[in-house]
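**Student:** In case you want the letters, here they are:
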Amino acid sequence: MDAEAAKLIGAGLAAIGVGMAALGVGNVFGSFLESALRNPAAADGQQGRLFIGFAAAELLGLLAFVVAMILLFVA
Amino acid sequence: MAAESGKIDPMHQFLIEPLFGQNWAIAGHNVAFTNSALWMVVTLAAMLLFMVGGMKRELVPGRWQAAVESFTGFISGMMATNIGPEGKKFTPYVFSLFMFILIGNIMGMMPVGIVGVHPFTVTSHLTVTGVLAVISFAIVLVVGFWRHGFHFFSLFVPHGTPGYMVPLIFLIELFSFLIRPFSLGLRLFVAMTAGHILMKVLAGFVINGINAGALTVAIVSIPSFILMIGITLLELLVCAIQAYVFALLTSLYLNDAINLH
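In order, the protein sequences belong to chains D and V. Residue numbers for the first sequence follow our numbering, so the first one is 1 and each next one is one higher. Residue numbers for the second sequence follow our numbering, so the first one is 1001 and each next one is one higher.
Chain D extracted, bound-state conformation (with noise of 0.2 angstroms):
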């Protein structure tokens, strides 16, 4: 295969990572939200630990576009 083809390959693949980590993100905010609707008192108490856990699953898919653009760019 050419190295091109094989790079431009690579990076869709990497574009897979960044799907997971949608469904991540996704998952945080649906369980805070379905759990916040149970106890809405306790709610905002816990916003400082939604975004932290926001912040660890969305990391994991940039680090995937990270990949995607070094494969792009720069090797």
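Note that these hints are calculated values from the structure, not bench results. Quick caveat, the model's predicted, so the values are computed rather than measured. Each residue gets a CB set at the ideal place from its N, CA and C atoms; glycine is no exception. No false leads were mixed into what you were given.
Quick list of the computed label-pair ranges, beta carbon to beta carbon: (1) V:Ala1214 with D:Glu34: 43 to 51 angstroms; (2) V:Phe1170 with D:Asp2: 45 to 53 angstroms; (3) V:Ala1203 with D:Ser31: 31 to 39 angstroms; (4) V:His1151 with D:Ile52: 23 to 31 angstroms; (5) D:Phe73 with V:Trp1024: 27 to 35 angstroms; (6) V:Gly1084 with D:Val74: 38 to 46 angstroms; (7) V:Asn1030 with D:Gly45: 47 to 55 angstroms; (8) V:Glu1173 with D:Gly30: 27 to 35 angstroms.
Dock chain V against the given chain D, drawing on the hints supplied.
**Tutor:** Same frame as chain D, but now just chain V:
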């Protein structure tokens, strides 16, 4: 830019160009005043304008003062919940970090392109966000060793770890501690870069669709433009969330250094 070939280069917006002082040098390194430096100055000026306008210390705050106080109250509340009373000392640092990142992010989204000025997002470069992350990490290290001495290493062994697990847990915790500046800087940098690339790719769809004729305007350009409006709103949300996450994680890391779990 490769506009003549009909292809819009989404990475061109991140190019750092010297504006003046091309031959200024310190110890052989070029220190020209670049567009990155210009937008940092713009960010700083906007922040100064916002803060000075609201720091009149009136007993009954006006709108502007109420806006500034809601920002300061937000950060000091975050420090109080995450660190406790000891966090008060670090509130100025985390507040300036938060405001710089927030305004820097928003400045990059400003529609000044319609008057011919190219906006530049200072936080879309790992050099800038990396330095901010390293400053945060250095403060954590200095504070941790200053307050606890070598007892700071107990951060890497959680309470109740069985003896035979200590070496492994220590390595894992040390690694996750050392990776923090990278993840902190990388998160902000990639979130801003990704958003701006997405905007430029969609803008490329709009422009190329208009160039290709009436049919593609209807089926490509107009839907892309509507999507761009939505993505712009999402980007403004991401600007605020990323600034908040950076400040929040800094406060959590400071909490580790001050209170040791």
